[in-house]
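Each step along the sequence shown adds one to the number in full-length UniProt numbering, with nothing skipped, and position 85 is 85.
For the record, the hints were derived by calculation from the structure and aren't laboratory data. Misleading hints may appear alongside valid ones.
[To be verified] Heads up, simulated EDC-like pairs for lysine to aspartate or glutamate below, C-alpha to C-alpha not over 16 Å straight-line: (1) K203 with D270; (2) K94 with D258; (3) K150 with E170; (4) K42 with D270; (5) K94 with D144; (6) K42 with E207; (7) K150 with D114; (8) K256 with E170; (9) K94 with D70; (10) K6 with D70; (11) K241 with D258; (12) K81 with D38.
[Said to hold, decoys possible] Beta-carbon label-pair distances, calculated as ranges: (13) R23 with E168: 20 to 28 Å; (14) A273 with E89: 21 to 29 Å; (15) M196 with G230: 35 to 43 Å; (16) N261 with Y220: 30 to 38 Å; (17) D144 with S21: 19 to 27 Å; (18) D151 with P222: 27 to 35 Å; (19) M195 with R143: 14 to 22 Å.
What you are looking at is a predicted structure, and each value in this text was computed from that prediction instead of being measured. All residues carry an ideal CB built from backbone N, CA and C; glycine is no exception.
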Amino acid sequence: MPAIDKTIATPYATIRIRETSGRGLPLLMIHGAGTSKDVFAKQINTALGEMYRIIAVDLPGHGESSNAVDPATYSFGGFAKVLSVVLDELSVNKAAVYGWSLGGHVGIELLATDPRVAGLMITGAPPVNRGPIGLLRGFQMHRDMLLASKDHFTDEDIARFLRLCFRESEIPASFAQTARRTDGHARTGVFKASMMGLDSDQKRVVERSPVPIAVIDGQYEPVARLSYVGNLAYRNLWSGKVHVIPDAGHAPFWEKPDHFNVMLHRFMGDMAARNRQRPHSPSNGASG
């Protein structure tokens, strides 16, 4: 059965989601900046979507969702509040979360604030301390990273952005349209909130997490420093190590879906089993 697109009204924005018919543990999938739920097509349109209830969202200012009513929503914490409302509206009591790039940081924020997170998988999202020093430690600094702070994208900017995200893999023309559609205030808002340290201390959140955190990055990850990500003192690191997918960049779920989907399937199986074993045990979010 194909996935169904739905519209959810929230106080922050009108949100579009794509939901599969699977009856297993819900999996909330959160895209990166300048993209949309469409980037998860190679997970949604597979056996994963038939087995688990995949819920892929368009964040405010992205894809088919409306721009935020209040630009203050454009922060990790603001996006997390939106997603909590979405889970409320969908009557989700527990969910695993996958976040890519911006979505990974939003997923960490959701872990810190919403006890329904049963487990978190992140890609291209280094958990850093608040403020500019934390950013310098966790992120690679190069010319293309400046795109994160631009409110307007030229055609050249869009081409550079897509190469940064997807390397040389085949990129649908619709991805350029989605990047062009993105509200520029979303980029500048997230950048300012991060520089000012307005969101949670994400390093502390993952180091104290009571639920499993899976970290899956590409070998040629251009945004996060793999050395930094691999040396954090995770309290609850899934499978005991950070996983690196060979010959992949920032979006291994798109570039190497066969490899990535095997790991996502294993992670979801573990989270579903853990959730069945402890159905009445509350999973308190880590403090930020």
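Quick rundown of the hints versus the structure:
1. K203 with D270: Distance ~24 Å between K203 and D270 Cα, so the pair is violated.
2. K94 with D258: violated, 26 Å
3. K150 with E170: violated, 25 Å
4. K42 with D270: violated, 21 Å
5. K94 with D144: violated, 37 Å
6. K42 with E207: violated, 30 Å
7. K150 with D114: It is violated: about 30 Å lies between the C-alpha atoms, which goes past 16 Å.
8. K256 with E170: holds, 12 Å
9. K94 with D70: Violated. K94 to D70 sits at ~28 Å, over the 16 Å cutoff.
10. K6 with D70: violated, 22 Å
11. K241 with D258: Since the Cα atoms of K241 and D258 sit roughly 20 Å apart, the hinted pair is violated (cutoff 16 Å).
12. K81 with D38: With a Cα-Cα distance of about 22 Å, the restraint between K81 and D38 is violated, given a limit of 16 Å.
13. R23 with E168: 20 to 28 Å: Check failed, 38 Å falls outside 20 to 28 Å.
14. A273 with E89: 21 to 29 Å: holds, 27 Å
15. M196 with G230: 35 to 43 Å: For G230 against M196, whose Cβ atoms are near 28 Å apart, the range 35 to 43 Å is violated.
16. N261 with Y220: 30 to 38 Å: With a Cβ separation near 19 Å, N261 and Y220 fall outside 30 to 38 Å, so the hint is violated.
17. D144 with S21: 19 to 27 Å: The hinted range 19 to 27 Å is violated for D144 and S21, with Cβ atoms some 38 Å apart.
18. D151 with P222: 27 to 35 Å: violated, 22 Å
19. M195 with R143: 14 to 22 Å: holds, 18 Å
The structure does not agree with the numbered hints 1, 2, 3, 4, 5, 6, 7, 9, 10, 11, 12, 13, 15, 16, 17, 18 stated previously, though it agrees with the rest.
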